[in-house]
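S.K.: The hints should help you fit chain B onto chain A, whose structure is shown.
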Amino acid sequence: MRKHTNDRLQGTLDMLVLKVLASQGRMHGYAITLRIEQISASVLRLEEGSLYPALHRMTQSGWLRAEWGASENNRRARYYSITPSGRKQLAEEEQNWAQLTEAVTRVLRFV
Amino acid sequence: MSWFNRLSNLLYREDLGRELDEELQFHIDARVRDNLNAGMTEEAARRDARRRFGNWTLAEEKTHEMNIIVTIQTVGQDLRYALRSLRKSPGFTALAVLAMALGIGANTAVFTVVNGVLLRPLPLVQPERLFLISYQPRLGPLAGKPSLSDHDYLEFQRRTHAFERVTTFGQDQVTLTGAGDAVRLPAALVTSSFFPAVRVSPAMGRTFASQEEQPGAPGVAVLSQELWRSRFAADPNILGKAISVNGIKRSVIGVMPAGFAFPGDAQLWLPLAVGADPLLSAYRPAFGRLRPSVTQRQAQAELETLVSHLPLAPGEHRNGWAAEVLRLQDLLVGGIRKSLLLFMGAVAFVLLIACANVANLLLVKASLRRQEMAVRTALGAPRSRLIRQLLTESAMLSLGGAIAGLLLAIFGVRALLALAPAGIIPRVAEIHLDARVIGFALGLGAVTGILFGLLPAVQATGWELRTFLSQAGRAVTGRSEGLRSLLVVSEIALTLVLLTGAGLLLKSFLRMRAVDPGFRAENVLTMTVDLPESLYNTTVSIQAFHARTLEKLSNLPGVLAAGAVNWLPLNGALMWGHFHIYGGPPMPPGYMLDKPAVSPEHFRVMGIPLLSGRAFSDQDSSTAPRVAIISRSVARTFWPGGDALGQRITLEDHPKPPVDWLTIIGVVDDVRQQSLTKKAHPAIYQPYAQVKRPFFLNHMTFAVRTARPASLVTAMRGALREVDRNQPVQSITVMTDLVATTTAESQFQTRLIAIFSMLALLLAAIGVYGVLACAVAERTREIGIRMALGAEKSDITRMVLRRSLLLVTVGVSLGVVGALAVTRVLARFLFEVKPTDLPTFLVVAALLVAVALLSGWLPARRATRVDPLIALRWE
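These protein sequences, in sequence, are chains A and B.
Going by the working numbering, the first sequence opens with residue 1, and the numbers climb by one from there.
Going by the working numbering, the second sequence opens with residue 1001, and the numbers climb by one from there.
These aren't lab readings, by the way, just hints derived from the structure by calculation.
It cannot be assumed that every hint is accurate.
Stated by the list, open to error - Below, simulated DSS-like cross-link-like pairs (lysine-lysine); rule was C-alpha separation at most 30 Å, straight line: (1) LYS1692(B) <-> LYS1656(B); (2) LYS88(A) <-> LYS1088(B); (3) LYS1338(B) <-> LYS1834(B); (4) LYS1062(B) <-> LYS88(A).
Looking at chain A on its own, in the form it has when it is part of the complex:
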């Protein structure tokens, strides 16, 4: 699988989106925004518009599947769900993240 040369922040956003979709199934962009806000207790506030380039990029990479569907109030909305290769990517990102935070924690503890 190909990897984007992500900077950390973009990688984090990717990871969050993948994680949300992995646990919640099919969602549209707005719902993803709400969910991230909700679980991070609004600590992670992202500029909402920046979510869409990420969604499209991950769709093109085959990590997400996108399809048009009807929203709760019957409007046309684009729904995203995670693919098997998206799950693999998520596992990788989670592992990287764990390693990074562990390393940073260690550094903070010792210095």
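M.R.: Just chain B now, kept in the frame of chain A:
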């Protein structure tokens, strides 16, 4: 989404943009609604939604960018992956690219010629509005050369409404003197309506006025740009200057633009007087420009009506004549068109066989990658993605093949043109690589890439890991082996069809070569001289020239005999007419015969056997009683009792007694005058000294019999120069070469088709070998068990060979059916061979079986070397 779709997305950015707008707008609206529900005012809700969203335009642009970048990256990724996979097995890649290069190269080479000859428009203005007008006997010597007699042309010109302008032309070789060395040039004799009809104006000066067509008008000529530059140093004051054509002074009135050399390779245009001689009506190609809005069909209908009203001479009938309006291009390419289409068909077969071969290779490769594919499927790669991956790989193979094929084609075209006998392929100058040819090659690459790639790709990716694992990694045969066998069977069938075609053509060619022309061509050298009427305008002067030349020639060292004839056999010339027997019955309708004028030694030089009576001698002079020698078929038709000698005949329609009556003094064997494949014409020979009209004498071919003909060329030219230094040689040919040129077209076809079918045979052999080698490799275990159970080596060999025999039997059977259906198109190319010739079919089938068994032999031998112990441990 496949990258084909993504690429098309790039093209439909607008649609994509609208969808994106809709998606983003949904987000904002949803936020506004939530804000309203939370109790905000309308305005605050909107402001908050917009603030949270951030920069709309930026988001939109970035999202677009993502779509494009990822597309490019994915395509790149597929390509990289394909390249890596191809690099990993260089042997496979080289073989596949080679097979495709051969297939595409052969097709592109033939297409290059077809493109130049058939597809490119003539270099005239709106050539698609120009049509040939033809009315002539359906059968006979004119068949295939559309033409109109002068009399009919004049009638048609007067009466037609469909054509806005009609013209007719003749082609000739003329001698240009006074501009450097004397030189023979291709010239066109054209009516004054010729240039207006083709709508090409001179670069300088003017073209012919109608009064310049009339006999007796002052001589004029139009030069080609090339001739003007090469012979007249592009003299800007050339107009009005005099040049000498065939010894006649003509003034130059125009120079055509560069590149204009129609018809043929004309360098010089002279005015043509149509129908000037009431006794002679020449058949020439005629064509015209249709009026706007008139269709070819309407013109055809008009012509058919007109010819039914043409005046006939008393006693003349025109049963079996055909009136046709044809594309002008057909005049140039009529002969070669069928051959070219035949070649196109043959190379298409080669390409199909190459495709089957590469598909087979891919199947083998896919069976080796089955594990990889199964694992990737299990890991969640969608099947479409794997198929796309494999298709990218086959597309790269065929693209590589197309590029290599294009290079091959450049040499192929050269080889093809070199192989073609001179003059058989028209418009040679227009045969070269152009955008259309390159597009053709690349298009073939794309189509074949999908053709041979799709099947293996679909087939290789259908495996689920479960199936694969449940077989514990053991070789899986069956599905793909059956498919491979099917491909090989079709390869063999296609090869058989091609080989049969080649076999039939070869047999026909050999039959042609075995034809007895009625003369002995060995050790004969011929030299043709055309005397210009302007300098040699009386029979006496021409005969004096001939006598002097003959004398010089017979005195040359090494010359056994020297003769002369006005229409040399197999030289393409035609001089037909009637004859009458003194007091005899009228001739059967349509009975025409050749009337050559010969020198006394002609029969001895050409080795034409004298069957009875005597040959001509020097005593048969212009003042002696007139005599004639008839050919065997004339004697048999009119004097079956063998009493032809001493009979009196005339060649004139209105003979004046007694001078026009000839006495038969001898009978000679029949000679094939027109071609080896056409039956000998009846002929009546006259001594050239007794011929009265200069027209029958100023074209003369001298022939000498000598031990080493080729060594005498210089001496022969020298002899001519001594007689008249201003007369160039029109042609000087060893007679055996002339005989060979009459079969050259057939030889060309045979050679090309043979080359293509050998290519097919090679590919098919590789195919059989590949399938069997693979089958043996996959069955190593089975073979090991058989051997462990006591099978002999010969049993194993037989097992493998039986399979190869099965493949070839099925292939040959299908091929025979196909060949029976297809070889019919060869009928018109075959001479004394039927398209269903049984011996050819048998020999070809035997050859294929032998080749298939031979290609099965290597895998069979390998199978016998299987060590049961190793084989059983192997997996």
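S.K.: State for each hint whether it applies.
M.R.: Structure-based check of each hint:
1. LYS1692(B) <-> LYS1656(B): Holds - the C-alpha atoms of LYS1656(B) and LYS1692(B) are around 13 Å apart, at most 30 Å.
2. LYS88(A) <-> LYS1088(B): 27 Å, holds
3. LYS1338(B) <-> LYS1834(B): Measuring from Cα to Cα gives roughly 18 Å; hence the hint holds.
4. LYS1062(B) <-> LYS88(A): 25 Å, holds
Going down the numbered hints, you'll see the structure goes against none, and every one checks out.
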